[in-house]
Each structure stands twice: as structure tokens, then as C-alpha cells.
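S.K.: Chain by chain, the residues run as shown.
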Amino acid sequence: QDLSLPNGTPVDTSSPASSSSLLNRLQLDDDLDVETRDLFVTVDDPKKHVCTMETYITYRVTTKTTRAEFDLPEYSVRRRYQDFDWLRNKLEESQPTHLIPPLPEKFVVKGVVDRFSEEFVETRRKALDKFLKRITDHPVLSFNEHFNVFLTAKDLNAYKKQGMALLSKMGESVKYVTGGYKLRSRPLEFAAIGDYLDTFSLKLGTIDRIAQRIIKEQLEYLVELREYGPIYSTWGGLEVELSEPLEGVSACIGNCCTALEELSEDMTEDFLPVLREYILYAESMKNVLKKRDQVQAEYEAKLEAVALKREDRPKVPTDVEKCQDRVECFNADLKADMERWQNNKRQDFRQLLMGMADKNIQYYEKVCVT
Amino acid sequence: MEDCLAKKMEITVSEAEKRTGRNAMNIQETYTAYLIETRAVESQSEGQCAPVESLWRRYSEFELLRNYLLVTYPHIVVPPLPEKRADFVWHKLSADNMDPDFVERRRIGLENFLLRVASHPVLCQDKIFYAFLTQESGWKEMVNETGFQLKADSRLKALNATFRVKNPDKRFTELKHYSDELQSVISHLLRVRARVADRLYGVYKVHGNYGRVFSEWSAIEKEMGDGLQSAGHHMDVYAASIDDILEEEEHYADQLKEYLFYAEALRAVCRKHELMQYDLETAAQDLTSKKQQCEELATGTVRTFSLKGMTSKLFGQETPEQREAKIKVLEEQIQEGEEQLKSKNLEGRDFVKSAWADIERFKEQKNHDLKEALISYAVMQISMCKKGIQVWTNAKECFSKM
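Taken in order, these protein sequences are the chains called V and A.
Under UniProt numbering, the first residue of the first sequence is numbered 1, with each subsequent residue one higher.
Under UniProt numbering, the first residue of the second sequence is numbered 1, with each subsequent residue one higher.
Just so you know, not all the hints are guaranteed correct.
[What the hints assert, rightly or not] Partial pick of chain V residues on the chain A-facing surface, computed with a CB cut under 7 Å:
id	residue
1	Phe40
2	Tyr196
3	Leu197
4	Asp198
5	Thr199
6	Lys203
7	Ile207
8	Gln212
9	Ile215
10	Glu217
11	Gln218
12	Leu225
13	Tyr228
14	Leu242
15	Glu244
Keep in mind the hints are simulated off the structure, nothing from the lab.
Glycine residues also receive a C-beta, built at the ideal position from the N, C-alpha and C atoms.
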């Protein structure tokens with residue numbers, strides 16, 4: 001049956017082509033070059049706090065901005081991981097149609113990883129910094145009220161407690177009822193995104209495993225090398241004329257050991273965490289896709305209900321219209337985000353793999369010089 | 001050195017061939033035969049090359065030659081043969097004697113052995129050695145006719161015997177100690193090196209997995225695809241490069257092994273000296289006691305406790321005729337003993353002189369060879385690193401184009 005809304009626009013049950021118009025609108029906001037950027041956020045200066053109940057780390061979050069939404073041009077606040085986690089949840093709640101960047105893993109197995117070791121804190125700091133920077137770069141998320149408060153409030157806990165009572169002025173928070181609506185078929189382009197994300201996470205997982213294996217093998221190689229070097233020294237002790245060259249070899253091998261150690265450390269601290277971050281990202285994106293499916297399913301179900309009950313047409317269409325709006329918004333946001341994400345990802349990986357290559361090059365150069 | 005054989009003759013072990021035949025117990029066996037080619041070096045500039053002569057020998061014949069040399073020239077540090085069985089292998093390397101890589105390395109080792117002997121000022125003049133190079137048939141018989149086998153057996157026994165020398169020559173004791181330490185340190189080195197090679201192999205090969213995964217990943221990417229794909233290719237190259245690198249390193253290991261075995265030969269010379277010294281001391285002691293006995297019989301005084309003295313006291317003295325006879329025998333023995341002692345002393349001094357000369361020669365050769373070996377090892381490592389830099393630079397370029 002051909003359906004049409006009261007305003008005359010034909011109803012399209014497949015992926016809305018009209019989303020392209022929305023995309024165009026959003027693309028104008030995409031030109032966030034460095035020159036036009038008006039918000040800068042940094043995470044640094046980790047500090048340990050020891051209280052009677054617990055010990056934890058806070059990070060300094062510094063903001064510099066010219067935006068009207070901020071009262072002051074500069075802010076400096078202290079936040080702990082809990083706060084970042086809260087922010088992310090709030091963003092997911094209030095902007096469910098958007099892809100929210102991932103946080104570094106919340107739980108660490110005590111005893112296996114030292115939560116207060118320099119390396120761990122530094123790795124986490126970098127990840128938190130990235131998290132905030134990604135939000136900053138997002139044309140919609142960066143204007144989110146919760147984000148604003150996170151960056152500026154002296155006492156975040158007070159705000160958190162008010163949380164439920166405060167309604168955002170920018171738009172209503174969309175609540176999603178998981179009303180058991182089942183989507184008949186995912187539109188092609190989103191299905192493609194879903195497939196891509198699946199394969200993507202898979203491949204990243206494999207790379208993670210390979211990198212870990214390499215590090216393991218390198219460490220075992222290091223163990224043997226550490227035994228190998230001193231033997232030349234011992235031999236040098238036996239000889240007269242040859243003692244110098246033999247000592248030389250021994251020293252060289254020692255240097256190789258150091259260089260190799262550095263390489264393994266760098267890989268562990270810089271390369272692996274980023275891989276894991278992207279896997280988390282992909283996971284959260286898949287969840288967003290599922291939510292989108294939900295919305296579309298609700299829309300389609302309501303549409304069907306309308307199609308069956310011709311008399312109730314004047315009332316339901318507004319509901320259906322709202323649904324359609326939602327779906328279109330969702331799709332548009334998602335697509336825009338995906339494009340942005342792809343771009344960023346490309347750059348990130350470019351940097352990452354180049355960095356990996358660089359590290360290896362440095363390793364070999366160090367060994368050469370020796 | 002001007003007269004040594006190596007200058008007059010080109011020697012190569014050019015080929016190795018698998019053969020089957022029947023051994024001494026008439027059992028079918030497979031073995032490898034090596035082709036030895038020799039050619040006289042002409043000093044004429046006519047451009048006329050002497051013809052190449054060749055014959056086939058197997059490893060056991062090389063062993064026979066070496067054993068002959070060991071027995072015949074105990075004061076010389078005799079060059080060692082390449083190992084009989086593959087030792088100090090890391091997991092990828094085959095321990096099989098028939099493996100082509102092993103055979104090839106052995107061929108090089110055997111050629112090296114012949115060249116070492118041919119450039120030794122004393123050994124190169126040996127007729128049996130010359131015949132080994134030039135006379136295919138009848139060589140074995142020729143060796144056995146020298147009767148060296150008897151000496152070989154007693155030599156082996158002596159090498160393993162334990163005895164204490166009263167006045168050891170300090171230089172030889174120190175040298176023996178050195179050779180023991182050298183053997184120990186080189187075998188330790190070779191063992192660990194094999195483990196290092198094993199681990200390094202693992203590191204390189206795992207990188208090959210990157211190649212595969214990058215390729216798979218590139219299939220789902222648009223702009224990143226090409227960069228990933230070509231980077232993956234470089235990872236494959238990296239993983240494959242380790243095979244050649246480690247093969248080259250085997251050559252270094254072989255050079256070390258040669259000196260490991262050389263250390264054994266050095267030890268043998270020291271032992272030989274010990275043996276001679278002990279022999280000398282025993283003979284001297286024997287002579288002294290005989291002289292004493294003679295004196296006692298002549299003067300009738302018993303200086304030292306002896307069972308004979310006791311029994312003669314208990315059972316009565318001997319007749320003067322008996323005593324005379326005994327004294328005569330002893331005097332003959334004493335004379336013999338003194339001559340023997342003189343010649344042994346001479347032998348000993350000659351041995352020390354010629355052995356020490358060869359030891360000095362060996363020390364110089366060792367220092368020179370090992371220095372070169374270490375340098376070439378360092379060069380190998382540098383080249384390996386340069387290759388690494390190359391590969392990762394290429395990969396980096398691919399990544400930058402993503």
C-alpha cells in the first residue's frame with residue numbers, strides 16, 4: 001500500500017535517501033581545521049592521592065577556549081578515572097545516535113598489573129587525553145553540556161548528584177525503549193558497516209596477538225643474548241692479544257640487549273594500547289548500530305500499525321513522523337561519524353604503524369652504531 | 001714457509017658425492033665421497049696451466065691421515081678435521097650427516113684441513129700426506145706399512161692415563177690449563193649461540209604473520225588498503241631474510257669450532273710432554289735405585305729398608321759368587337740406564353724445542369684467524385641490521401601512504 005504522511009511526503013520504509021540532505025547540513029561543521037579550532041583540552045600531571053578509604057590517581061584537565069558556551073577562557077581541574085567514566089556514560093545517554101570514543105579499560109587485575117606504576121599511569125593518561133581530544137573534535141559532542149561541566153566544575157561530585165534532575169537545554173534526551181521491536185533487515189549500508197566492524201575487530205585482535213607473540217619471542221631472545229655476551233668477556237680473560245676485541249664484542253652484545261629492551265618496552269606501552277582502544281571503539285560502534293536497528297524497528301512497526309488502521313490516521317502519523325525523524329537523524333549522525341571515524345582512524349593507524357616502523361629502525365640503528 | 005706445499009700446489013676439495021658400497025663387514029652402507037683436485041702452480045708466464053689431477057676420498061680416510069700425523073709428529077699441533085657429527089645445532093639446522101648443507105660445510109672444512117697441513121712447514125713435507133693427495137689406490141696399505149697403528153693405540157692409552165709428574169715444566173702446565181679453559185669457553189659459546197640463533201629465528205618468522213593479516217585487513221579498507229598490502233609484503237621479506245643471515249652465521253660457528261678442536265690438539269702436545277717428562281723421571285728414579293742397590297751389595301751396608309735385606313738377614317746371606325753375579329747384572333743395567341737417560345734427556349730437550357716453536361707458530365695463527373673471524377662476525381651483524389633498517393624504512397613508507 002502506498003502510504004503518505006499528512007504533509008504529503010511519501011513514506012520510505014527503506015534507508016531514507018533524505019538523510020543525504022541532513023548530511024550536507026552536517027558537513028559544514030566538519031571543517032574543523034586547526035586554524036578554526038576554538039577549544040583545546042589536555043590531560044596531564046598525574047598525582048597519587050592517599051586517603052583513609054582508598055588510594056587513587058587524579059589527572060589535571062586543562063581547557064583553553066574562546067567559545068561562548070564557556071564563562072572563562074581557561075580552566076584547570078583535577079579528575080579521576082571515575083569522572084571520565086561518568087562523562088562517557090552521560091554522553092552515551094544524551095547522545096545515543098553518536099559514536100562515543102572509548103575509554104581505556106576500567107578494571108585491572110590487581111596483582112598482575114601495578115595500578116600505580118609509572119608505565120601504567122602514563123599509558124592511561126595518554127588514553128584519557130585522546131578520549132577528551134576526540135570529543136573536542138566532534139562537532140556535536142563537544143557542545144554537550146555534561147562535557148562542559150566536566151571541563152569546568154570545581155566540584156564535579158555535586159553536579160553528578162543533581163544529574164537526574166537536570167534537563168539538557170539543547171535538546172531532549174532521547175530515551176530508548178527496548179520494546180522488543182525486531183528489525184526485519186538492516187539496510188545495506190549499515191549492514192556493510194556492521195560487517196566491516198566485525199572483520200576489523202577480528203584483524204586487530206590478530207595483530208594484537210601477533211605483536212604480543214613478537215614481544216614474547218624478543219624477550220626470550222634477550223634472555224639468551226644476556227648469557228651470550230659475558231662469555232666473550234670470559235674468553236677475553238684467557239687471551240692476551242685477543243682480549244681487547246673479545247671484550248669489545250661482549251660490550252656490543254650488551255648494548256644490543258639494552259636497545260632490544262627499549263624496543264619491547266615501546267611496543268608494549270605505545271603500540272598495544274592503541275590497538276586495544278580501537279577494538280573497544282569498534283565494540284561500542286556495533287552497539288550503536290544495534291540501537292539504530294532498534295529505532296528503525298520501532299519506526300517500521302508503528303508504520304505497519306498505521307497501515308492497518310486507516311481510521312486512526314490523524315493521530316498516529318505525528319508519532320510515526322517522530323519516529324521517522326529519529327531514524328533519519330540517527331542514520332545521518334551515524335554516517336557522518338563513521339566518515340570522521342574512518343579518517344581519524346586512518347591517520348591514527350598511519351601514525352601508529354609508522355611509529356612501530358620507526359622504533360624498529362631506531363633499534364637497528366642503535367645496534368649498528370654499536 | 002717458502003718451501004711449503006701450499007705454495008707449490010693448488011689444492012681444493014671441489015665436490016661431494018653420495019656413494020653406496022660394502023664396508024669391512026660386508027654390510028651395505030651409504031657414505032659421501034669427496035673429490036680432491038690438485039694442480040701444480042707453474043711460475044712460468046706462458047699461460048700454460050698444469051693439468052688438474054683428482055681423486056676421491058671419504059671422511060674415514062681423512063681420519064686415518066690425521067691419526068697418522070698425530071702419532072708421527074707428537075710435537076706438532078695438528079690441524080683438526082671438521083666435526084664428524086653435527087653438533088651445537090639449533091632446531092632448524094639438520095643433525096643429519098647426509099643433509100646437503102652439512103655435507104657442503106664439511107666439504108669446506110676438509111679443504112681447509114688440507115690447506116692447513118699443506119702450509120705447515122713440517123707437516124707439508126710428509127710423504128704419506130703427499131700420497132694422500134696424489135695416489136688414489138694403495139694409499140691405505142702405505143699408511144699401514146708405517147706401523148703407526150701400534151703407536152696410535154699406546155698413544156691413546158697414554159693420553160687418558162693419570163700420573164703425576166714431580167717437576168713439571170711450568171710453561172706446558174700453563175698451556176695445558178689454557179687449552180682446557182679454551183675448550184670450555186668455546187663450547188659454552190657455541191651452545192649459547194645456537195640458542196640465540198633459535199630465538200632470533202622465532203622473532204623474524206612471527207613477523208611473517210603480519211604479512212598475512214595486513215593482506216586480509218587491506219581487503220576491507222579503501223584508502224588504507226594499498227599501504228597495508230605493500231607493508232605486508234615487506235614483513236614477508238623480513239621474515240624470509242633470517243634464513244640467509246643464519247646460514248652465514250654458521251660459517252662463523254665453524255671457524256670457532258675449528259679452534260675448539262685445535263685446543264684439543266694443543267692439549268695433546270702438552271700431554272705428550274708430560275708423558276715424556278714422567279718417563280724421564282721414572283727412568284732416572286729407576287737408575288738411582290739400581291745404583292743404590294749396587295752400592296749396597298758392593299759395600300754390604302743396607303741403607304734403606306728392603307725386603308731382600310730382611311729376608312737375607314733372616315735366611316742367611318748369599319754367597320760371594322751370587323753377589324758378584326748380581327753386581328755384574330746391575331752394572332750392565334746401570335750402564336744401559338745411563339745411556340737411555342742421556343738419550344731420553346736429549347729427546348726431551350728436542351721435543352721441547354720443536355714443540356715450543358710450533359706452539360708459537362700456532363699462537364700467531366690463532367690470534368690472526370680469530371681476530372679475522374670476530375671482525376667478519378661483526379660485519380655480518382652490521383649487514384643484518386642494515387637489512388633490518390631497509391625493510392622497516394620501506395614499511396614505514398608504505399604506512400605513510402595510507
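S.K.: Now tell me, hint by hint, if it's right for this structure.
M.R.: Each hint, compared with the structure:
no. : hint   : in the structure
1   : Phe40  : violated (27 Å)
2   : Tyr196 : holds (6 Å)
3   : Leu197 : violated (10 Å)
4   : Asp198 : violated (10 Å)
5   : Thr199 : holds (5 Å)
6   : Lys203 : holds (4 Å)
7   : Ile207 : holds (6 Å)
8   : Gln212 : violated (10 Å)
9   : Ile215 : violated (10 Å)
10  : Glu217 : holds (5 Å)
11  : Gln218 : holds (6 Å)
12  : Leu225 : holds (6 Å)
13  : Tyr228 : holds (5 Å)
14  : Leu242 : holds (6 Å)
15  : Glu244 : violated (10 Å)
Checked against the numbered hints given earlier, the structure breaks hints 1, 3, 4, 8, 9 and 15 and satisfies all the rest.
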